[in-house]
Structure formats: C-alpha cells, structure tokens
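Asker: Assemble the whole structure, with the sequences as input and the hints as a guide.
Protein sequences appear in the order of chains A and X.
For what it's worth, our numbering labels the leading residue of the first sequence as 967, then goes sequentially.
For what it's worth, our numbering labels the leading residue of the second sequence as 33, then goes sequentially.
If you're looking for bench data, these hints aren't it; they were derived computationally from the structure.
Take these hints with a grain of salt, some might be off.
Between beta-carbon pairs, the in silico distance windows are [said to hold, decoys possible]:
{"#": "1", "chain 1": "A", "residue 1": "1245", "chain 2": "X", "residue 2": "187", "range": "23 to 31 Å"}
{"#": "2", "chain 1": "X", "residue 1": "183", "chain 2": "A", "residue 2": "1094", "range": "18 to 26 Å"}
{"#": "3", "chain 1": "X", "residue 1": "125", "chain 2": "A", "residue 2": "1070", "range": "51 to 59 Å"}
{"#": "4", "chain 1": "X", "residue 1": "116", "chain 2": "A", "residue 2": "1174", "range": "24 to 32 Å"}
Some chain A residues flagged as far from chain X (calculated, every beta-carbon gap over 12 Å) [stated by the list, open to error]:
{"#": "5", "residue": "967"}
{"#": "6", "residue": "988"}
{"#": "7", "residue": "1015"}
{"#": "8", "residue": "1051"}
{"#": "9", "residue": "1068"}
{"#": "10", "residue": "1072"}
{"#": "11", "residue": "1117"}
{"#": "12", "residue": "1119"}
{"#": "13", "residue": "1135"}
{"#": "14", "residue": "1188"}
{"#": "15", "residue": "1231"}
{"#": "16", "residue": "1267"}
{"#": "17", "residue": "1278"}
Facing chain A, according to a computed beta carbon distance under 7 Å, are these residues of chain X, among others [what the hints assert, rightly or not]:
{"#": "18", "residue": "39"}
{"#": "19", "residue": "42"}
{"#": "20", "residue": "43"}
{"#": "21", "residue": "46"}
{"#": "22", "residue": "49"}
{"#": "23", "residue": "81"}
{"#": "24", "residue": "86"}
{"#": "25", "residue": "90"}
{"#": "26", "residue": "97"}
{"#": "27", "residue": "100"}
{"#": "28", "residue": "132"}
{"#": "29", "residue": "166"}
{"#": "30", "residue": "167"}
{"#": "31", "residue": "170"}
{"#": "32", "residue": "172"}
{"#": "33", "residue": "229"}
Glycine is no exception: its CB is placed at the ideal position from the N, C-alpha and C atoms.
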Amino acid sequence: MSRAVLTIEHAGPLTTVQDAGRPGYARFGVTAAGPMDRLAHAAANVAIGNPSGACAIETALGGITVAVGEGSIAIAVAGGAPVVTIDGARVEAWSVHTLGRDARLAIRPGRWGSWTYLALAGTIPAKRWLGSSATHPQSGFGGRIIATGDTLVIDDARSGPVTPRSLPLPVGARPRQDIRVVLGPQDRFFSSEVQQSFLSGVYTVTDAYDRMGMRLGGPKLAISGSLDMLSEAIVRGSVQVPGHGDPIVLLADHQTTGGYPKIATVIGADQDGLAQLRPREHLTFRTVSPDQAVAAARIRDRQNRAYLQAIGSKGSRQ
Amino acid sequence: MSDQPPVIRDLGDAGLLVEFGERLDEPTYSRVRALDRALAEEPCRGFTEAIPSFVSLFVGYDPLVTDGIEVREALLRLIDRPPPPPPDPKLHTIPVHYGGANSPDLDLVAEKAGLAPEEVIAAHLEATYRVYIYGFAPGYAYLGGTAERIRLPRRDTPVRSRPPGSVMIAGGQCIVTTVDMPTGWWVIGRSFCRIIDPDAPRPFLFDLGDYVRFTRADD
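Answerer: See below:
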C-alpha cells in the first residue's frame, strides 16, 4: 500500500462519491442515496478487490477526467457503455487497469447508459455520516461531491499486481425499457381509463432527470377527486403523479415522504436498468403482482451474486 | 372504530404501507406510533425499517428473506396485541426571527389570511405544536398545530431555494428547515436552532410526539 494523488481535471454535474447507501434513517427524513445503478457500482468495486459496497465515484453524462499526480493505483470502470480512454487510447468500457504516475483516465458518454462507476483500489476520502459515505447532494451531510479541480489523496492505494482485463457485461447492465411495476398504493386515485393509458402508453425520459428522480413525458395521468392527501412514505421506485399529470419515478435521492398520489412502484429488479435510460429514450410499464416482484428480486439477486463472484479480483482473468 | 383493521398495501417488493385511516386524528396517529413501537421491540422476519407518517406506517422488508404475505400476517398479529407504552414527550422552545429578509412570505400570508403581518406572527407564536413525523428531507420535522386563521394551501409552483432554518407553514403544519430545498410552503420566519447536529451521537433534536413552542428572538 502506498500513497496516490489524483487530480480531477474535469467532472461533469452529478459526479459524487457513493457507497452502497445509507438505509434505515428514512424515519428521520434521510434518504438512502447510494448508487443509481447498484450492480454496476458493486461490479466496479469487486473487480478490483474492494468490498462490493465500498466508495466509488459515480459519474453521469458529463463524464470525468482523472490524472495521477503521484504514485500509482489500480482502477475499475463499470456501468453503461461509456467511451473510456487511458492516455488517449481507447480501452473497454467495463475494465480493470493500473494507472501509473501521470496517467490520464477519461470517461465520456458512449453508446448507451447514464451512469458509470470508477472504483479505486484504496479508500476514497469522503465524510461518513450515519454509517455511510453516500452523497446526498441536496443536504450535504456525508459523502463528497466531486468537482473539477479537486484532489483526491488515496493513502492506502494498491497498484498491483493487476493484469489489465475487460469485464463481461452482466444480465441487466443495459438500459431497460420494459419496466415492471406493482400498482398502488394510490392507484384508486386514477380512473381505469387513466390506469390503462399509464400501462399502454409509451413514455419518454425528459431532461428533468437527476439522482432524485426521472420525470416522464407521455400520456398525462389525471387524478380523480381531491389532491388533498396527507404525506406518507415514499420508496425508491415510487411513481408519483403531481398535478401536472406527468409521472415521476423517484430514485436514489428521493424525498422520504410526499403528498402526491403514487400510481405504482417500479420493482427492485428493474430499477438499475431504468436508471441507465437517457433523456429522450422510451419506456413502457406493465404490472406484476407483489409475489412476482419478490420472485424477480430473488432471481436478479442470484444472477448478481454469480456475476460478482465471477468477476471478483480472484476470479476470472482475461 | 379504532379497532378496524388497517388497509395494507404493497409498495412493489420494498415493503408494505399500513394505512390506519385517511384523516389525521389522535386515535389514528396513535395506532401508527403503536405499531412502530411494537415493530421496534419485536421486528418481524426480514424487517428493514419502519417510516411513520400521519395516518400510515411504511414497513420495509428484504424480499430475499421474506415476502409481503408473511410480513402482513406478522403485522396483523402485532396490531392485535397491546402496544409498548409511549415515551414521555419533551417540550422544546425554538427562537424565531420574524420580519424583513427572515420572512419573505409574511406579507403574502397576511394578505391571503386577511390579517396584519403582526397578527400572523402572533398566531404563529400562540400555538403549541406537536412533532408528528420527519419527512421529505433530512431532519424535516412536520409540526402540527398551526392556528386555523393562518392555514393556507401550498403554493401552486414551488420556490426553488429557501435557506436552512426557514420557518415555514402550510395547512395545519409548520417546518423548520435544515437544508436548502425547493418548497411550496410559506416562509414566515427564520430560526438558527439546529434540528440536525450531524456529529452528535443523537443527531436529530426531536422525538416523534414531542411538543414545540416558538418564541420571538431579539433581532
């Protein structure tokens, strides 16, 4: 282990440090935050020998450029299909490398995907709060926003031995357009015609998309009756419908409660793929039962575990 | 009526929403808190967290361990039993600065309520508030008890930015904000009291069920 110093030469908006999240404090208004694409985040970490829930840098469509000013460090990139270069030479989007002194890594948007993770072999300095270093940018408690000009000092950098290798893409890495939901808890606030247009219509991701949620364009969803609803708990995946009638899917940094009706909840298994959609891409919704949602969560978990085990630093080589 | 079984709804594979009613009243809110306490004492299998709200309790579960059917049964058993006793509430006193830049919406509230700005302040100060829930953003405690004559619906269009410490009202509720967030509520004062002390062992000032009085701070 030795020291490595990284300079952030460029960081687009919404670049943050995320660990697996800060669950369990929603009762105090604290959202769990954590990665938008949880599997890709875990993949970048385990590929390099970190615990799956370690801190990694989450980048959005603005990309990131990192230069090593001192020392050397192993890194892994995963999530979406970005254009990744090291010293100007193209490397695989999902891959593991060692960056030596003066090396420059750039991640820019590529063919698809909204979120990419850069994991470092070492501890990324970020403020811990309530047991987690996940960044909730709106509140500023815990974590770290990464901005152009920042310097990251990694005191326990590991640089090898790492054979550069590319990582296979897991099932579910791609943006998902066929989104499964469980109806409710306020589906009764919408007429059957409105529910039908929600389930049969084609929606488009708008530019109003950040870590809090994704506003969709498409068939407007009129609310029947009064909007006079008491605030209640919101979960990741809640599809809330404010007065404007455009559904908003709430994601990693969602508010913990809200008073708008929620027509449905996106099942856990489809949330990573949903998050990888980009503005102007399309999606549709279809219903499943709660039992089917639980079954899908278990199948996805088995797939994810097998994948992470296979790409672990002691696993496959290439 | 308080013996009626709650309506339990599925939130995907994340958890269940246990609804004890649709209107905020004491029996309904007590049942929310009673189930919350019962779960804290005796969490059901796969339980992840509970989020109390005015008339409902969210009960999260790990879908790899359990499912909605099993959790539902466990909750109904807990609801049928006498709950653990509630803790004794505390009374907190919070100084508020009113007027000028501290009260960007005071004049509008006064106009809509048909009162003078000083009467709005007096109405805000006369009530004893109760801490019902935390929600929306870290440390946002929803205080119930705002005087009838200054109750207004939320704005149609939220304001993008209000500084932390904004004392704001909407309907029968009041919040002292902790972070800068967009809001449709009406900001009538400013407090420098810290609801969140991020580095303290107990980072959140209020427990649910506590009481709050506001006093006028000297400017």
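Asker: Now, for every hint given, state plainly whether the structure supports it.
Answerer: Hints, verified against the model:
1. The hinted range of 23 to 31 Å is satisfied by residue 1245/A and residue 187/X, whose Cβ atoms lie roughly 27 Å apart.
2. At roughly 41 Å, the beta-carbon separation of residue 183/X and residue 1094/A lies outside the given 18 to 26 Å, and the hint is violated.
3. Checked against the given bound of 51 to 59 Å, the beta carbons of residue 125/X and residue 1070/A, roughly 56 Å apart, stay inside it.
4. With their beta carbons about 44 Å apart, residue 116/X and residue 1174/A fall outside the hinted range of 24 to 32 Å.
5. Consistency note on residue 967/A: stated as away from chain X, and its beta-carbon is indeed over 12 Å from all of that chain's, at 28 Å minimum.
6. With a cut of 12 Å on Cβ distances, residue 988/A falls inside the contact zone with chain X, its closest approach being about 10 Å.
7. Distance check for residue 1015/A against chain X: the nearest CB is about 25 Å away, which clears 12 Å, and the non-interface claim stands.
8. Every Cβ of chain X is farther than 12 Å from the Cβ of residue 1051/A; the closest lies at roughly 37 Å, confirming the non-interface assignment.
9. With a minimum CB-CB distance of about 38 Å to chain X, residue 1068/A clears the 12 Å threshold, and the non-interface call stands.
10. Chain X leaves residue 1072/A outside its interface by the beta-carbon criterion, the shortest separation being 32 Å against a cut-off of 12 Å.
11. With a least CB separation of 24 Å from chain X, residue 1117/A remains clear of the 12 Å interface cut-off, as annotated.
12. Against the 12 Å criterion, residue 1119/A stays outside the reach of chain X, whose nearest CB is about 22 Å from its own CB.
13. Even its closest Cβ contact with chain X, about 23 Å, leaves residue 1135/A beyond 12 Å, as expected for a residue assigned away from the interface.
14. Every CB of chain X is more than 12 Å from the CB of residue 1188/A (nearest about 17 Å), matching its label as outside the interface.
15. For residue 1231/A, the condition that its CB be more than 12 Å from all CB atoms of chain X is violated, with the nearest at approximately 3 Å.
16. Listed as outside the interface, residue 1267/A is inconsistent with that label: its C-beta sits roughly 5 Å from the nearest C-beta of chain X, within the 12 Å cut-off.
17. Taking the minimum C-beta to C-beta distance to chain X, about 20 Å, the non-interface status of residue 1278/A holds against the 12 Å cut.
18. Interface hint status for residue 39/X: violated, as the beta-carbon distance to the closest one in chain A is roughly 9 Å, over 7 Å.
19. Taking 7 Å as the C-beta contact cut-off toward chain A, the hint placing residue 42/X at the interface holds, the least distance being around 4 Å.
20. Taking 7 Å as the C-beta cut-off, the interface hint given for residue 43/X holds, the closest approach to chain A being about 5 Å.
21. Because the smallest distance between the Cβ of residue 46/X and any Cβ of chain A comes to about 4 Å, under 7 Å, the interface hint for this residue holds.
22. At its closest, the beta carbon of residue 49/X sits 5 Å from a beta carbon of chain A; the interface hint therefore holds under the 7 Å criterion.
23. Interface restraint check: residue 81/X against chain A, minimum CB-CB distance 5 Å, threshold 7 Å, status holds.
24. Evaluation of the residue 86/X hint against chain A yields a held restraint, the C-beta minimum of about 4 Å falling below 7 Å.
25. Taking 7 Å as the C-beta contact cut-off toward chain A, the hint placing residue 90/X at the interface holds, the least distance being around 3 Å.
26. Given the 7 Å rule on beta carbons, the hint for residue 97/X is violated: about 10 Å separates it from the nearest Cβ of chain A.
27. Taking 7 Å as the C-beta cut-off, the interface hint given for residue 100/X holds, the closest approach to chain A being about 5 Å.
28. Nearest Cβ of chain A to the Cβ of residue 132/X: about 26 Å, over the 7 Å cut. The hint is violated.
29. Interface hint at residue 166/X: satisfied, since its Cβ lies 4 Å from the closest Cβ of chain A, which is below the 7 Å cut-off.
30. The restraint placing residue 167/X at the interface with chain A holds, with a minimum CB-CB distance near 3 Å, inside the 7 Å limit.
31. With 7 Å as the threshold, the beta carbon of residue 170/X comes within range of chain A, its nearest partner Cβ sitting at about 5 Å, so the hint holds.
32. Checking residue 172/X against chain A: minimum C-beta separation of about 5 Å stays under 7 Å; hint holds.
33. Taking 7 Å as the C-beta contact cut-off toward chain A, the hint placing residue 229/X at the interface is violated, the least distance being around 11 Å.
Going through the hint list in order, the structure does not satisfy hints 2, 4, 6, 15, 16, 18, 26, 28, 33.
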